[in-house]
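S.K.: Each protein sequence line maps, in turn, to chains F, L and S. Following this note's numbering, the numbering of the first sequence begins with 1 at its first residue and continues without gaps. Following this note's numbering, the numbering of the second sequence begins with 312 at its first residue and continues without gaps. Following this note's numbering, the numbering of the third sequence begins with 557 at its first residue and continues without gaps.
Keep in mind that the hints were calculated from the coordinates and are not lab data. Bear in mind that the values here come from a model prediction, so they are computed numbers and not experimental data. Beta carbons are placed, not taken as given, at the ideal position from N, Cα and C, and that holds for glycine. Please note: incorrect hints may appear among the correct ones.
[As the list claims (entries may be wrong)] Anything over 10 Å on all C-beta distances counts as not near chain F; from chain L, calculated: (1) Asp386; (2) Gln416; (3) Glu537.
[Unchecked claim] Coverage of chain F stretches by chain S, computed from C-beta distances (three or more under 8 Å per stretch; other residues unrestricted): (4) 121 to 134; (5) 257 to 267; (6) 280 to 286; (7) 291 to 302.
[Said to hold, decoys possible] Chain F is faced by these chain S residues, among others (derived, beta-carbon under 7 Å): (8) Pro649; (9) Ser651; (10) Tyr661; (11) Leu668; (12) Gln735; (13) Ser811; (14) Leu813.
So the chains spell out like this:
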Amino acid sequence: MTLGLHLGVLALLGGLQLVLPPFHHGMLARIMVLAAYAAGYNLLLGYAGLMSLGHAMFFAAGMYGTGLTIHYLGVGVITGFLLGVVAGLAVAAAVGLITLRTAGPAFLIVTMMLAQAFYLATLYFNEITGGDQGFILSGLHLDLAGRRLPLADPAVKYNVALVVFAACLLLNFWIVRSPAGRILLALRENEERTRLLGYNTPRYRLFAVTVSGLVAAVAGSAYTLLFSYVGSTFAGILYSIYPLLWALLGGAGTILGPLVGTLVMTYLVDVASSLTTGYLIVVGATLVVTILWVPAGIVGGIRARWAPWLP
Amino acid sequence: MTALLETKAISKRFGGLEAVSGVDLRLERGEVRALIGPNGAGKTTLVSLISGRLSPTSGRVLFAGRDVTSLRAWDRVGLGIVYTFQVTSIYRGFSVYDNVALAAQRRRLRALADWIALDRQAVARDVEAALATVGLWALRDQPARALAYGHQRLLEVAMALALRPELLILDEPSQGLAAAEIDGLCGLVRDIARAATVLVIEHNMAVVLELAGRVTVMDQGRIIAEGTPREIEAHAEVQKAYLGR
Amino acid sequence: MSLEAHLFLALLEGTVGALVLALTALGLSLVFGVMRIVNVAHGAFFMLGAIVTWYVSTLLGSFLLALVVAPLVVGAVAVVADRLVLRPIGYEPESTIVATIGLLYILEQAVLMIYGPYARPVTAPIYFRVDFPSFGYSGYKLIVGGVAAILLVATWIALARTKLGLYMRATQQDREIAQAFAVPVGRVYTTAFGAGAGLAAVAGALIVPVQQAHYLMGLDALLLSFVVVILGGLGSLRGTLVAAFVVGLSDGAVSVLFSPTLAKIVATLLVALVLAVRGRGLFGEEIA
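Model the full structure from these sequences, guided by the hints.
M.R.: Okay, structure coming up:
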């Protein structure tokens, strides 16, 4: 039944493109990619119980891995995507190893510092990365079964985003219900007990950080391809805070929470930005309101009240 | 015949305090051994060195003839050394079933294929067996935090059983239990002892006399006596250090 | 200008920078130490101090008044935030971090809406040049260093000699024992949070005539304070001072010799590694 619910949500997202006006196509494509990012973050926060403030470096590793190789080496879209994912995997594994001995606030600060160093590096090497300005990729297209699909086309964009999101959601679903998911939850609740049940807890932590970073890199890479842009903004601290916000608002430790959080927040930010220059105040306000009054998040709240079976 | 467990001159120092000093402990396969001594005698530290929760300052731990001193706690569990906590340590947010399943799946995760498609029925059988042994099967769907204290202690034992211990270390299992529950616990430990060697830290002398084949007495980080329960009761030094008579 | 003069200038700049940094970091360290929380909004308090200083000295024409008003206003903002947000969530470490990130964005964006995206200077209240053999140096900067040093000493004395300081040290040692000895822990928390914010605000105020007030100036202050507090050790005043000098001077040296960005990369990486190696012990969590 629960798998049915999640497949239903994906089908609903697929069907929406038939009824929604064009403006929302681009918006939803963006939301789906970012929700995949949030889902990756949530694997770490919601299941392994580790709060990172540096996920932008994984997202950006995917972005630069894909963008730079396409821009400088002229590789194709698929190769570029894979290289971005490999770059993200490498960064995530390295960060996982470095942070192995930290927990709680120390983990958070170390990830924040490492991400900041990464961000500054994208500025420092601005001759290659384009720094703040970034660079634009043009004419990207996907060769699929003999057809040439331009990624700038709204329908292609929407459906590629949907595929990426669906893959991340289903991976998330599968991990959470696998034996590894149970171990990650155990890690969050009581690490010492888990060690004495015979689990090599550092190894599972490393697994959690790596998979979480990998999913973030997949999202970053897809974002580059779909929106044809690479820039250091996406390595900045705001893009480490966003997935935290999306996951918390939607409900940390729920599978649909990241999607719900990203959806609500993206539209909220969009509305606010038409009203004031200080539109990011809604980010701050939502964080405070969530932590004060809905610490379980939207989907978490629904689960607690009406649907205890929700994963 | 080699002993199941041997510690050789094992010591643990915390700063200036030597909590365990030069202890030689030998457990034969199949026995129930009680470890007694006043508070601060080093009992929990000693079993922590055996389970791998702590690593020793010096000395060695041998299990079934193999030197396990450098093995981490999770690998020792794999060999069959299982520890239950003095302070109840269960996953309060999990259901009773999931608590035990977490322990039971440990043995089933060997190859990569097990991670992808775990034999859930085998795990379920192990969980049922463990929960039935301690009498908690009917409560399997309850969240662990909703259990009464005595039941939480039993859940702790069920998690240990699901790991199929060769050596089960129980750290003050009767602490905080009512008299009727203690009787149940003694029966349970005798059941367990048919398949496993048991090392039990215990303050309740009635429980010690009832369960243990041999008793080891610690004081100030050292073993001061060892023998049958009767011998220990009569031992002058033990009475001075521990029984206060 | 000779090499010696260059080095002397770098040393002078570094010392003044280190004193201001020490003041900012001390605020963070105080909150860290007494309340056991990581205040991500600390940089926003620094920024707010600078902005308030700009308003007061522009509208009322007195920088000295601004120097007094800024920490009071910012401290009051912090106290309100403590009562409305941090206390209700019980200072739970990770929730507190989320809440202070929220606070950071609320303050920063509110300033953007009201003050605007400009970087605006305040003219130094005193202008004179100190002539060294081969170059002249801004007298105001020397005064900034002096005032920061005086405030550091004052804070030290307040912590060591007053009853409030005693309460704070007791709470830092052991919250529960302090409570048992009738230390009003709730009020100590609020005071520490307000005072920490006030220290950041004074540092922000002092720096405005040199650096200009801008709504994004808090992030650098925050990151450098983290660097200092982590290198110097939690809640240790002496450690904070020493680390501020190490960071301030080496930051200056690498910036002059290579580039400021590279200096920051090195500093953040260094701190990440120090923290990763020392692990959770730094935050007083139990290891097992």
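S.K.: All the hints need checking, so say for each whether the structure fits it.
M.R.: Hint check:
Non-interface call for Asp386(L) relative to chain F: violated, since the shortest CB-CB distance, roughly 8 Å, does not exceed 10 Å. Distance to chain F contradicts Gln416(L) as a non-interface residue, since its nearest Cβ pair spans about 5 Å, not more than 10 Å. Here Glu537(L) stays apart from chain F, with its beta-carbon at least about 27 Å from theirs, past the 10 Å limit. Residues of the region 121 to 134 of chain F with a Cβ under 8 Å from some Cβ of chain S number 3, which satisfies the need for three, so the listed coverage holds.
Counting residues of the region 257 to 267 of chain F whose beta carbon lies closer than 8 Å to any beta carbon of chain S gives 0, which falls below the threshold of three, so the coverage claim is violated. Judged by the Cβ-Cβ criterion of 8 Å, the region 280 to 286 of chain F is covered by chain S as claimed, because 6 of its residues qualify and three suffice. Counting residues of the region 291 to 302 of chain F whose CB lies closer than 8 Å to any CB of chain S gives 3, which reaches the minimum of 3, so the coverage claim holds. Hint on Pro649(S) holds. Least Cβ distance to chain F is approximately 5 Å, under the 7 Å limit.
A hinted interface residue such as Ser651(S) counts as satisfied when its beta carbon comes closer than 7 Å to some beta carbon of chain F; here the least separation is about 5 Å, so the hint holds. Evaluation of the Tyr661(S) hint against chain F yields a held restraint, the C-beta minimum of about 3 Å falling below 7 Å. At about 4 Å, the closest approach between the beta carbon of Leu668(S) and any beta carbon in chain F falls short of 7 Å, and the interface hint on this residue holds. Given hint, Gln735(S) at the interface with chain F, is violated; its Cβ is 23 Å from that chain's nearest Cβ, farther than 7 Å.
With a cut of 7 Å, the hint placing Ser811(S) at the interface with chain F is violated, because the nearest CB-to-CB distance is about 13 Å. Annotation: interface hint on Leu813(S) violated; nearest CB of chain F at approximately 15 Å, more than 7 Å.
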